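Peer 1: Next come the chains, spelled out residue by residue.
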Amino acid sequence: MIGSIRLAGPRTAGSRSRGRSADRIGDAVMYGLCLLAALLAVAAIVAIAYQMIHGASASISHFGLGFLGHATWRPNPPFESFGAATFLYGTAITSAIAMLLSVPLGISIAVYLAMVAPRRVRGVIGPLVEMLAAIPSVILGFWGIIVLAPFLQAHLEPFLHSVLGFLPFFGPTPTTGTGLFIAGLILTIMVVPIIASISRDIFLSVPRELQEGATALGATRWEVLRGVVLPISASGVAAASFLGLGRALGEAIAVTQVIGAGNAIHGSWFQTGDTLASRIADQFAGATSKLDISSLFYLGVILLAIELVANISAQLISRGFERRVAAR
Amino acid sequence: MTDLPGSGPETSDPPPTGAGSTGEEPPSTGLFGTDVTDPFDPLAPSDHLRRRQFVSRLFTAGQTTAAALAVAVLGVVVYSVAARAASVLSIGFLTSGPPTTLNAPGGGVAPEIVGTIVIVALGAVIATPMGILIGLYLTEFAGRRSGPPIRLALDLLNGMPSILIGLFVFGLLVVGHHQSGFAASVALAIIMLPLIARGTQEVLLLVPVSLREAAQALGVSRWRTVLGVVLPAARSGILTSTVLAVARAAGETAPLIFLSTIYNPNIVSLNPFSHEGLPNIPFYIFTASEADEASGFARAWGAAFVLLAAILLANIAARALNRRSSLSR
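Here the protein sequences come in this chain order: A and B. Position in the first sequence (first residue = 1) + 31 = our numbering. Position in the second sequence (first residue = 1) + 47 = our numbering.
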C-alpha cells in the first residue's frame, strides 16, 4: 500500500502528457494480457474436446455408436474388437458406490463442522478433512492394494456376503481383494472431503437469524437442520455432490491400481472390472495398433461428454442456489 | 457403513438444545398450564419432546462419528505410509539413485525427487502468471456478458479429469515428437491454472473497493492501480492459492503416465526439454505398485512418504499463510 502512494505521487507538469499516453498504453497492454489469458482458458476446453474427437475419429467411423453397447475389448490383431459397455458399467457402479457412501458421509461431516463442533474443534477437524483431499491418488491407490484390499478380502467382503448375500452384488469373495467394490471405497475417500468442505461453506452461509429463530421456537438441532438449513441449502449441496460425482467418474490412477483391469461385466461388486478412465490409464502406453489407440481416445470422448454433463449440472444447480440466496 | 445418519451410537452427549432442560422434575402440563406454580422452575420435557431430543442426539452422534471416521482414515493412510517407509528413509534415500543391481535393496530416489521438482516448478512458472491474469480479468475488466463464460470455462477445466488432460497434451506435444518433462509441466500447468485463477479472483474480490477508488481519485491509471494497489493487497492470498495448486499438481499421476515415463532412472536430470522424459515420483510409485517385488515396494513407500510429507506440509503452510493474512486484514 505504501508503494501505491509512491506511484500516485504528484507529477511535474512537463511529464504529464507523456505520462498520460504511457498510461493509455499501459492500460491497453494490461487489458490485452488479461483478455488473452482468459481466452486461452476457453481455448483450452475447446482444444481438449477437439483433440479427443480427432484422436477418436478412426474408431468413431469404424464402430459408430454401437461402440457404447459392445462389451468386448480384444486389441490383439486377429480380433481388433472394441466396445465401451464394460467400462461404462464399471464407471457407473464404482461411482454409484462412491456417491451412495460419500453423499451422506460428506453432508454429515459438513453438518458436524458447521453446526455441532465447538469453534476450536472445527478449526482442527475442518483442515484435517480437507487434507484427506490432498492425498495424491497414486498414494491412495497404492495404500488401497497393499493395506485395504487384504483387509476387505479377509473381513468386510465375507461379512457383507454372509449378511447381504441374497443381493446379487454382494457375491462370494474371490481370491483377491481387487475389484469394483474397493474402487468405490477409494473413490469415496476422495469424494467425501469435496462434498464435506463445499457443503460446510454452504451451511455456514445460511442466515444465522433463521436458525436462531427456529431454535427460539423450540426446535431441536435436527429440526433446525431439517426444517431450516437443508431446505435453503439443498441445491448447493446437490451441486457439491455433482462436483464430487465428476471427480469419481474421472479418477483414473487410484482406480487402475485397485480395480483389477477386468474385461467382463460381473454382477458381483467383489469381482474385477474397469472404468473408462482406468482403461485409458492402464492400456494407453501399451496400445500399438491405430484402432486400439483410437478406441482409447473414443473412451476419452465418452468420459469427456459425461464429465461435461456432470460439471455443467453442478454449475446450473449452484447458479440457482446463488440466485435464491441473493433473493432472500 | 455404520455411520450413516440415524445409525450411530446413542451414547454421545451433545450440548443442551434450545427448548427446555432435562431436569428430574415431574412432567408439567405446559408453560402456562395451571399445574405450573413457579415459572422459574426448570421445565421438564414431555415424552414427545424427549423423543425429539433423542432423535436430534442420534443424528448429532452420527454426524460426529462421520467426522471422526474421515479423520481416522487420514490418520490410517498417513500412518501406513510412514510405517512402511520407515525402513528405507535416510539421508541417503534422498540423495542417491537406484541400486546398481536390479531388485537389490537400498538405493534412493534422488533422480525422481529432482525431476518432480523441475516438472512442478516449470508448471507453476507457466500457470501462475496466467492464472493471476485471468483472475484480474474476471475482477477488474470482465463485464456482465464476458465474465460468466470465462468462469464456466475455468470450472470445467477444474473438473476435467487429469487423464484427459494427459491425453490432450500427449496429442499436442508428444505425438510426432517425443516425451519430455516440458510436456508434463504443460499438463500440470493446465491442472493448476483454474485453481490459481479462481483463488486469485476470490482474494481480489476481497480487496476493498475504497482502495481502488482512492487510487482513482488520485488520478492513478488503471494498470498502475492494479500493479501498485490491488495486487499487493492480495499478495498473500494469491500466494496461498498458488501453493495449494502446486500441492495438488505435485501428486497428479494420470498425465505423467503418457508424458514422462521414458527416462534413464539412474541420472539426475535437470533439463525438461531433453529428448526424453524426466524421472518423477508419482510415476515411480505407480510402476512399483503395479509390479510384484518387495524391495521396489519399500522404495515406493519411501517415495510416497516424501511426496505425501511435502504435499501435506505445503497445505499446512498455505493455511498458516492464509490465516496470517486474514488476521492482518
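Hints may contain errors.
Derived CB-CB ranges, DEER-like [said to hold, decoys possible]:
(1) B:R192 to A:F197: 51 to 59 Å
(2) B:R191 to A:A89: 39 to 47 Å
(3) A:G317 to B:A130: 28 to 36 Å
(4) B:A119 to A:L198: 23 to 31 Å
(5) A:L198 to B:H225: 25 to 33 Å
(6) A:V77 to B:V222: 43 to 51 Å
(7) A:L96 to B:E260: 29 to 37 Å
(8) B:L360 to A:L71: 27 to 35 Å
(9) A:A295 to B:V222: 18 to 26 Å
(10) B:F320 to A:D54: 43 to 51 Å
(11) A:D232 to B:R192: 45 to 53 Å
(12) B:L141 to A:P149: 49 to 57 Å
I should point out that these hints are in silico values taken from the structure, not numbers from a laboratory. As the structure is a prediction and not an experimental result, all values here were calculated from the model. Yeah, the Cβ is synthetic: ideal placement off N, Cα and C, and Gly gets one too.
Peer 1: Each hint needs a verdict: does it hold in this structure or not?
Peer 2: Status of the hints after comparison with the structure:
no. : hint                         : in the structure
1   : B:R192 to A:F197: 51 to 59 Å : holds, 57 Å
2   : B:R191 to A:A89: 39 to 47 Å  : holds, 43 Å
3   : A:G317 to B:A130: 28 to 36 Å : holds, 33 Å
4   : B:A119 to A:L198: 23 to 31 Å : holds, 27 Å
5   : A:L198 to B:H225: 25 to 33 Å : violated, 51 Å
6   : A:V77 to B:V222: 43 to 51 Å  : violated, 19 Å
7   : A:L96 to B:E260: 29 to 37 Å  : violated, 57 Å
8   : B:L360 to A:L71: 27 to 35 Å  : holds, 31 Å
9   : A:A295 to B:V222: 18 to 26 Å : violated, 32 Å
10  : B:F320 to A:D54: 43 to 51 Å  : violated, 39 Å
11  : A:D232 to B:R192: 45 to 53 Å : violated, 28 Å
12  : B:L141 to A:P149: 49 to 57 Å : violated, 41 Å
Checked against the numbered hints given earlier, the structure breaks hints 5, 6, 7, 9, 10, 11 and 12 and satisfies all the rest.
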